[in-house]
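Colleague: Protein chains in written order, with this note's numbering: chain H, 1 to 114; chain U, 1 to 116.
Rather than coming from a laboratory, the hints here were simulated on the basis of the structure.
What you are looking at is a predicted structure, and each value in this text was computed from that prediction instead of being measured.
Just so you know, even glycine gets a beta-carbon here, dropped at the ideal spot from N, CA and C.
Certain hints may be false.
[Stated by the list, open to error] Label-pair ranges, simulated between beta-carbon atoms:
hint: 1; chain 1: U; residue 1: Ser9; chain 2: H; residue 2: Glu85; range: 19 to 25 Å
hint: 2; chain 1: U; residue 1: His10; chain 2: H; residue 2: Ser62; range: 27 to 33 Å
hint: 3; chain 1: U; residue 1: Lys58; chain 2: H; residue 2: Gln84; range: 28 to 34 Å
hint: 4; chain 1: H; residue 1: Ser58; chain 2: U; residue 2: Ser80; range: 26 to 32 Å
hint: 5; chain 1: H; residue 1: Asn10; chain 2: U; residue 2: Ala53; range: 39 to 45 Å
hint: 6; chain 1: U; residue 1: His82; chain 2: H; residue 2: Gln41; range: 25 to 31 Å
hint: 7; chain 1: U; residue 1: Lys58; chain 2: H; residue 2: Lys15; range: 45 to 51 Å
[Stated by the list, open to error] Listed below are several chain U residues computed to face chain H (Cβ distance under 10 Å; list not exhaustive):
hint: 8; residue: Gln6
hint: 9; residue: Gly8
hint: 10; residue: Phe67
hint: 11; residue: Ser70
In case you want the letters, here they are:
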Amino acid sequence: GAGVSQSPSNKVTEKGKDVELRCDPISGHTALYWYRQSLGQGLEFLIYFQGNSAPDKSGLPSDRFSAERTGGSVSTLTIQRTQQEDSAVYLCASSLSRGRDTQYFGPGTRLTVL
Amino acid sequence: AQSVTQLGSHVSVSEGALVLLRCNYSSSVPPYLFWYVQYPNQGLQLLLKYTSAATLVKGINGFEAEFKKSETSFHLTKPSAHMSDAAEYFCAVSEIKVGGNEKLTFGTGTRLTIIP
């Protein structure tokens, strides 16, 4: 079946603008994760959705970042009033259920804030 | 709290030589451990994972890793490097939490270069 897809693949925006990044997980996967990968850095956990439970938002770096997951499937990560330090590759992953399950990653969205 | 340390942000080996990428973890409970590989401009792909069964885990592309509890290590090895192995490798740990959120904590990655 289809893997995790993300859109857009690249996004260039001006400082102060809002952006929305989309993730379509693998069908049937109840867990969905967002990570940020900055140049020279590892993967920084942002947020985790598991079924209908309240999301784990402990990794969101500021209140400018938010995410939602509609109908237990598609997720949108929104960054408001973007800053240059937000420039990074944003990766989405999904898994069958929990953290111990294999996470399948999308190709990422490369965000550049000018 | 769980954490992962990958020793060596860059590793270079000759084609045909042994590949050894080091990973040490810290976890307050029995962990699950993973190695992921990232090829340029792609997402991450699972190489192998340890789930408390056999301590020697075999993965794809000839890679394997051994869980050593006494050393809190999960080093990745491959007997003979191939040019196609050039990529970035991430070690990750997930703590088993009954009824709790189980998220992965990743190391900072090791970039593997293969010398022809």
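Colleague: I'd like to know which numbered hints this structure contradicts. Please list them from smallest to largest.
Modeller: Hint check: 3, 4, 9, 10, 11 fail, others pass.
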